[in-house]
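**Student:** Going line by line, the protein sequences match chains H and W. Its first residue numbered 185, the first sequence is counted upward by one per residue in our numbering. Its first residue numbered 9, the second sequence is counted upward by one per residue in our numbering.
The hints are simulated quantities; they were obtained by calculation from the structure and are not laboratory data. Hints may be right or wrong, so weigh each one.
Not the full set, but computed from the structure, chain H residues with beta-carbon under 10 Å of chain W [unchecked claim]:
1) F191
2) L193
3) K194
4) D202
5) F210
6) E285
7) R294
8) E382
9) G386
10) L391
11) V393
12) P395
Calculated cross-link-like contacts (lysine-lysine; reagent style DSSO-like; alpha-carbon spacing at most 30 Å) [said to hold, decoys possible]:
13) H:K546 <-> W:K143
14) W:K167 <-> W:K25
15) H:K186 <-> W:K143
16) W:K74 <-> H:K186
17) H:K383 <-> W:K74
18) H:K383 <-> W:K234
Every residue, glycine too, gets a C-beta built ideally from N, C-alpha and C.
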Amino acid sequence: MKRFWGFVLKEFLHIFRDPRTMLILFGMPIVQILLFGYVITNEIKDIKIAILDQSKDPVTIELTNKIISSGFFILDRNIKSMNEVEDVFKEGNVRQVIIFESGFGRKLKREGTANIQLIADASDANTANLVVHYTMAIIDDFVREQNKLTGSPIQFIPEVRMLYNNELKGVYMFIPGIMAMILILVSAMMTSISIVREKELGTMETLLVSPLRPAQIILGKVTPYIALSFINAVTIIIMGNLVFGMPVQGSIILLLAESILYILLGLSLGILISTITKTQQNAMFISLFALMLPTILLSGFIFPIENMPKILQWLSILMPPRWFITIIKNIMLKGTGLMYVWKETLILIVMTSVFLGLSIRKFKIRLE
Amino acid sequence: MSEQKETIITVRNLVKKFGNFKANDNLNFEVFKGEIFGFLGANGAGKTTTIKILCGLWAPTSGEIKVAGFDIYNQTEQIKRNIGYMSQKFSLYEDITVFENIRLFGGIYGLSRHEIAHRAADLMHRLDLEHSRDKLISSLPLGWRQKLAFSVAILHNPKLVFLDEPTGGVDPVTRRKFWDQIYEAADRGITVFVTTHYMDEAEYCDRVSIMVDGRIADLDTPSALKGKYGVKNMNEVFLKIARIKPDQNN
């Protein structure tokens with residue numbers, strides 16, 4: 185055991201003495217989160233909207249004025265009928281159409297409620313979500329003012345429709361996505377590179393001739409990365425929460441446990457990559473092209489899986505990040521427990537075992 | 009000269025095949041305790057294969073082999089604890105310090121913290137490296153690194169040390185100095201098994217075996233070999249053997 189820890193210590197020394205490694209390990213997660221977070225939470229300004237006012241009474245005119253004078257929106261045009269809505273969106277300038285039902289003011293007076301429909305172009309899911317939220321906030325504000333004036337409580341019933349992307353995949357997607365990407369990159373790429381480096385330098389031979397067992401060597405190489413990846417996971421969760429308000433509704437212990445499972449998966453992938461490559465460069469290319477690109481493109485991180493061609497949907501089944509993203513989204517956003525994500529968890533466990541099994545076989549063949 | 013000498017390596021009918029290719033074709037030899045045994049041959053003659061088998065890295069296809077009294081097939085753990093190894097590629101970690109390297113390998117071979125501190129101090133004193141204790145290996149000149157690598161390879165006082173082309177890419181003066189270190193180790197009773205393709209180094213060995221195409225073409229003391237082939241130095245011995253061999257095959 186003492187042999188083993190001395191070896192682990194040496195591995196930590198390698199990491200802490202290499203500025204590039206340190207940068208990838210700790211700089212990358214923070215920069216990525218800020219980068220994505222900044223792009224996504226960018227404030228909206230001068231968004232073009234269209235209004236279909238079927239009632240044109242004092243109430244709707246006042247509310248329209250309030251929305252347009254807020255500074256967030258510019259009235260691109262008034263439209264006359266529902267048929268025009270589709271065309272307006274297809275032109276591409278208008279992001280949102282606000283529809284007041286006919287007899288809005290009268291209905292409000294008589295029943296205390298009236299309907300507003302907000303239709304947003306959700307092909308850009310994040311903007312659509314922001315636009316709708318801003319509009320709703322303005323409407324709520326208007327309702328409060330009216331209530332104060334009249335004394336009798338009134339209520340607007342907004343109906344929101346997101347066109348082209350009903351469930352708004354993409355929002356809150358980036359923190360789970362970044363977590364999935366960074367953890368697999370750090371654990372798989374960094375471990376494969378560090379194992380292959382020993383092969384390249386010839387120190388692997390020296391280690392194999394020593395009384396250390398092959399399993400101890402591999403374990404010793406990956407142990408520091410388990411620790412560092414875990415620190416990364418925690419950093420991402422904390423930053424997501426503090427900087428971007430990403431909630432953790434479910435059990436934090438479950439969340440961390442799933443992260444560790446995913447890290448182990450990444451490590452076993454890294455070991456597998458290290459058994460099939462001879463140079464650090466190869467290991468890096470394989471990690472980048474086989475892990476990072478698919479993670480971004482096929483895991484649903486950026487592009488909704490439902491909208492992919494069938495073949496790519498099948499391919500995405502093989503992507504570990506897809507399942508991890510589903511799991512942590514469920515835990516963080518919906519607060520679900522293991523009961524609801526056991527299937528995805530099982531998939532990750534099976535994948536980990538397969539990768540480990542394959543690399544043990546590869547490793548043995550190489551030794552004979 | 010070897011009547012009462014103990015054997016430390018015994019190789020009987022060693023064969024190692026890669027597919028149809030015989031890298032080691034029926035090798036038979038013994039290495040005696042305390043001697044410097046030169047394992048010579050051209051590149052691709054099968055030296056590295058043999059050394060890997062003797063170190064327990066590769067399994068032989070067939071043959072009976074004992075290293076340091078242990079069987080190569082089922083006692084590799086014991087063998088590994090009793091041997092040292094230094095490869096043609098450099099075997100210390102460049103991005104950690106002199107002392108950290110010593111501590112690492114001392115630890116891997118199961119030395120106690122006290123022993124490590126003691127032997128590290130002794131080693132650095134002998135190599136005149138005391139002022140470089142906390143320097144990174146990468147900052148040392150190649151010759152120093154090599155000396156240090158050898159000292160680290162025998163830090164745990166193995167019965168036997170394998171040197172796989174330890175002097176590759178080094179100038180003759182540094183090579184000569186490196187051999188002084190090998191003699192010192194031999195004086196301490198450590199058997200040295202060294203592969204090389206520098207024929208001047210062959211002169212420094214107690215006995216040499218010359219490998220051609222996976223077989224041992226000849227094995228004796230350098231002076232006996234020179235006498236047998238009627239030449240002045242080992243280089244000519246080697247050239248004669250390497251030239252004769254293919255003719256015999258034809």
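**Student:** Between the alpha carbons of K383 of chain H and K234 of chain W, is the straight-line distance 30 Å or under?
**Tutor:** Violated, at roughly 40 Å.
**Student:** Classify the hint on L391 of chain H as holds or violated, based on whether any CB of chain W lies nearer than 10 Å to its CB.
**Tutor:** Where the cut-off is 10 Å and the nearest Cβ of chain W is about 8 Å from L391 of chain H, the hint holds.
**Student:** Please check whether G386 of chain H passes as an interface residue: C-beta within 10 Å of a C-beta belonging to chain W.
**Tutor:** 3 Å, holds
**Student:** Could you grab the alpha-carbon distance between K186 of chain H and K143 of chain W and see if it respects the 30 Å cut-off?
**Tutor:** Distance ~25 Å between K186 of chain H and K143 of chain W Cα, so the pair holds.
**Student:** Have a go at the E382 of chain H hint: is there a Cβ in chain W nearer than 10 Å to its own Cβ?
**Tutor:** 9 Å, holds
**Student:** Between K546 of chain H and K143 of chain W, does the CA-CA distance stay at or below 30 Å?
**Tutor:** Not OK: K546 of chain H and K143 of chain W at ~37 Å, beyond 30 Å, violated.
**Student:** Checking hints one by one. Is D202 of chain H an interface residue toward chain W, by the C-beta closer than 10 Å rule?
**Tutor:** 7 Å, holds
**Student:** Return the status of the interface hint for R294 of chain H: holds when the least beta-carbon distance to chain W is below 10 Å, violated otherwise.
**Tutor:** 80 Å, violated
**Student:** Can we keep the P395 of chain H interface hint, with Cβ of chain W closer than 10 Å?
**Tutor:** Given a least distance of 5 Å, the restraint on P395 of chain H holds.
**Student:** Can we keep the F210 of chain H interface hint, with Cβ of chain W closer than 10 Å?
**Tutor:** 18 Å, violated
**Student:** Holds or violated: K383 of chain H with K74 of chain W, Cα cutoff 30 Å?
**Tutor:** Cα-Cα ~28 Å, so holds.
**Student:** What's the verdict on K74 of chain W and K186 of chain H, does the C-alpha distance respect the 30 Å limit or exceed it?
**Tutor:** 29 Å, holds
In summary, the structure is inconsistent with hints 5, 6, 7, 13, 18 from the numbered list given earlier, while agreeing with the others.
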